[in-house]
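Residue numbers (numbering that gives the first Met the number 0), protein chains in the order written: chain A, 0 to 90; chain B, 0 to 384; chain C, 0 to 270.
It is worth saying that the hints were derived from the structure and are not from the lab.
Listed next, the in silico DSBU-like pairs over lysine-lysine satisfying Cα-Cα at most 35 Å (straight line):
no. : chain 1 : residue 1 : chain 2 : residue 2
1   : C       : 222       : C       : 64
2   : A       : 23        : B       : 242
3   : A       : 49        : B       : 207
4   : C       : 41        : B       : 214
5   : C       : 265       : B       : 204
6   : B       : 262       : B       : 330
7   : A       : 23        : C       : 39
8   : A       : 13        : C       : 231
9   : B       : 209       : A       : 49
10  : C       : 231       : A       : 1
11  : A       : 49        : A       : 83
12  : B       : 214       : B       : 194
13  : C       : 222       : A       : 13
14  : C       : 192       : C       : 222
15  : C       : 64        : A       : 23
16  : B       : 194       : C       : 265
17  : C       : 4         : B       : 207
18  : B       : 207       : C       : 192
19  : B       : 262       : C       : 64
20  : C       : 192       : B       : 52
21  : B       : 167       : B       : 194
22  : C       : 4         : A       : 23
23  : C       : 41        : C       : 222
24  : B       : 384       : B       : 276
25  : A       : 38        : C       : 41
26  : C       : 41        : B       : 201
27  : C       : 41        : C       : 266
28  : B       : 304       : B       : 358
29  : B       : 300       : B       : 194
30  : A       : 49        : C       : 222
31  : B       : 358       : B       : 333
32  : A       : 58        : A       : 83
33  : A       : 1         : A       : 38
34  : B       : 242       : B       : 262
35  : B       : 167       : B       : 217
36  : A       : 58        : C       : 64
37  : B       : 167       : C       : 46
Keep in mind it's a predicted model, so treat the numbers as computed, not measured.
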Amino acid sequence: MKFWRRPLDIDEIKIPKGEVHIIKDRCKGCGFCVEYCPKEVLEISEEFNKMGYHPPYVKNPDNCLNCQLCEMLCPDFAIYCIEKEEEGIIA
Amino acid sequence: MKTNDKGVLTGTHNLSGNQACAEGALAAGCRFLSAYPIPPSIEVIERFTQRAKEVDAIFIQMEDEISVLAAVLGASWAGKKAMTVTSGPGLSLMMEHIGLGVMLETPCVIVNVQRCGPSEGIPNSPSQGDVMQARWGSHGDYEIIVIYPNSPQEMFTQTIEAFNLSEKYRTPVVILSDESLARMVEKVVIPPANKIILEPRKHYKGPKNKYLPFKYDKDLVPPMVNAGEGYKFHITGLTHDEKGYPVMNEECQELNVHRLVRKIRNYVDNITNIEEKNLSDAEIVVVSYGITSRTVDKALKQARKDGINVGSIRLITVWPFPDKEIMKLSKKVKAFIVPELNFGQILLEVQRCNYGNAKIRFVEYGHEEIQNSDPILNAIRSLTK
Amino acid sequence: MKNVKHPMDFYLRMDRMPHIWCTGCGIGLTATAFVAAMEKAKLDTNKVCVVSGIGCTGRFAGYIKLDSFHTTHGRAIPFATGLKLANPELKVVVVSGDGDLISIGGNHFIHAARRNIDMVVICVNNFIYAMTGGQVAPTTPLTAYTTTSPYGNFEPPSNIPQIAESSGAVYVARWTALHIRRLTNSIFEALNKPGFTVVEVISPCAQYYSRINRLGDGLDMMKFYHENSQIKHWEPTDNLYIDYQKEIIVGKFVDRERPTYSESYKKWLAE
Chain A
0 MKFWRRPLDI DEIKIPKGEV HIIKDRCKGC GFCVEYCPKE VLEISEEFNK
50 MGYHPPYVKN PDNCLNCQLC EMLCPDFAIY CIEKEEEGII A
Chain B
0 MKTNDKGVLT GTHNLSGNQA CAEGALAAGC RFLSAYPIPP SIEVIERFTQ
50 RAKEVDAIFI QMEDEISVLA AVLGASWAGK KAMTVTSGPG LSLMMEHIGL
100 GVMLETPCVI VNVQRCGPSE GIPNSPSQGD VMQARWGSHG DYEIIVIYPN
150 SPQEMFTQTI EAFNLSEKYR TPVVILSDES LARMVEKVVI PPANKIILEP
200 RKHYKGPKNK YLPFKYDKDL VPPMVNAGEG YKFHITGLTH DEKGYPVMNE
250 ECQELNVHRL VRKIRNYVDN ITNIEEKNLS DAEIVVVSYG ITSRTVDKAL
300 KQARKDGINV GSIRLITVWP FPDKEIMKLS KKVKAFIVPE LNFGQILLEV
350 QRCNYGNAKI RFVEYGHEEI QNSDPILNAI RSLTK
Chain C
0 MKNVKHPMDF YLRMDRMPHI WCTGCGIGLT ATAFVAAMEK AKLDTNKVCV
50 VSGIGCTGRF AGYIKLDSFH TTHGRAIPFA TGLKLANPEL KVVVVSGDGD
100 LISIGGNHFI HAARRNIDMV VICVNNFIYA MTGGQVAPTT PLTAYTTTSP
150 YGNFEPPSNI PQIAESSGAV YVARWTALHI RRLTNSIFEA LNKPGFTVVE
200 VISPCAQYYS RINRLGDGLD MMKFYHENSQ IKHWEPTDNL YIDYQKEIIV
250 GKFVDRERPT YSESYKKWLA E
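Generate coordinates for the entire structure from the input sequences, incorporating the hints supplied.
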């Protein structure tokens, strides 16, 4: 991330990291999580789940910021994020 | 279970049928009334609301009869004994929710004060035109209990009985009345609270996490719980399994819906309440119910004076119909007389149970001449010739 | 898959998952928002009841692990009224569709709002009667196609926030299913506010409304909402008419105080 000036609290703020968990067999392949992820972490996979839909898979796991928008936007309760315990990366 | 003191107006009173109904409901522990004002049932609401404050009862006048019965079902599920009162046009509107009440197995009482029909008819004249509707009005296969008292005293006692039956069998119960019965004023003796026996709601007693809303006991009635007690149950009007979840296949229909019919039919002997008079040597039997049974008494006395062996059966529970009793009698007696304030509704039931054994004479009454016992007397006399 | 436990599973009837709602249906999003709002509000889950009517949204009660009731078409609100009045400690939430609440249930909606009965009404508006195959609803926009308006709908649609406000509701908000966090917040505010509160959720119907009208799938409709919804808080409710595939105004429109039915009843009893 590019800063125009150095923020005064840059040493205190840590950008969180998240880990995405997908419950594949609940997914109905609507694509909301893929479309609205702000960091393009997810992508529709080629595999089929039990119901015949294409669930998403985590394409760029390092990009996830634990914003939990995918968890909120999933109509099927098939995806959720957990905050990763390790140190966050600054910029 | 004894009733709570607050609702019981112990003593001797002069009450109309409608007022006696309200007092009976309060004595039975009913603390929720939802209604839409329709003559001739309005006095029940008025009496209930006058007494509501002293017994902490709730009354709400909903926007139409459809929502009235929905609110009654909701109140019953929240744990209160609930009732509604209406007349013919209102009962027609309530039909869908009677079906829902049967399907959800919700105890509640619906009082129908019959008036002349069809449609608006004559609001302040009696009739017995809703007898079949009370039984068959809603769609689908179901059984329901219908009670029809014939005096204000009986309105009081039978309203309490209606609540007891509804709790015992977890079913809506309809009380039929009519404009004459609703407005006639007679002596009503209300016993002390400790003499009134109530049927308690069959509450589930097992562990919370093992509760199944429609798992029935030996008597085919599942124990009930109230909303807000932490059981987190789900119930639906769709055909459901024991858990209350919709499972729409034939097996489930047989297990859980046909059971609703068998739940009442298997216990017909316990539910049926009829008053028999002079049947031992009767050759002619008058089958009556409700307001016409008052006129029958006078005719019977005169007929016996004339030496005719006449007896009577009065139906206090009109549905389930006492098939067995009528069938047995049909083999013994010469004739049945059925006086009704309609075009012949219980007549059809008597004909059905008669199997062609005895003669059947129908005495059709009009609402103007309901007190006149001559038509019945003439029918009795004509059958002896 | 490390653990199969979704954090919202506590509120769901897991033995009935996956639910019957279609791919891309907004009712699932309403469920997510509701569960998240319940989590935030920290209400006593033993005392919350969910009542729903008939229809796609009517199935909502069957998936939520609270005392839930699936009643007749249009009569969820009077049933909920009975529950609330008989036991005032219960928190009653009615979740139902636009046809169920405004068409057959319109009368009850208006009167419960007038009485200000303490309940939360979440109306999922997908502009169509979806469960029965896609018939026209009172909220279907002008010129839209449905199975019972095969030449385009010529009846002007209802404006749900306007009906709610003019009948006396104390809190009226409208969000699309995409505005998921704002919707969660609205439901949270509605749960905590005493009185008749209404939250309308504009939801895509991926199988009927969007197919018959060639609007793409659920995702395409969501993208449309993203581009064409405008947040205008406190907008007068008569401006909230929805035209076919035009701008949708969302936001919180009414937040006022009125004595609830229970409060007035208690006052009357005390006299």
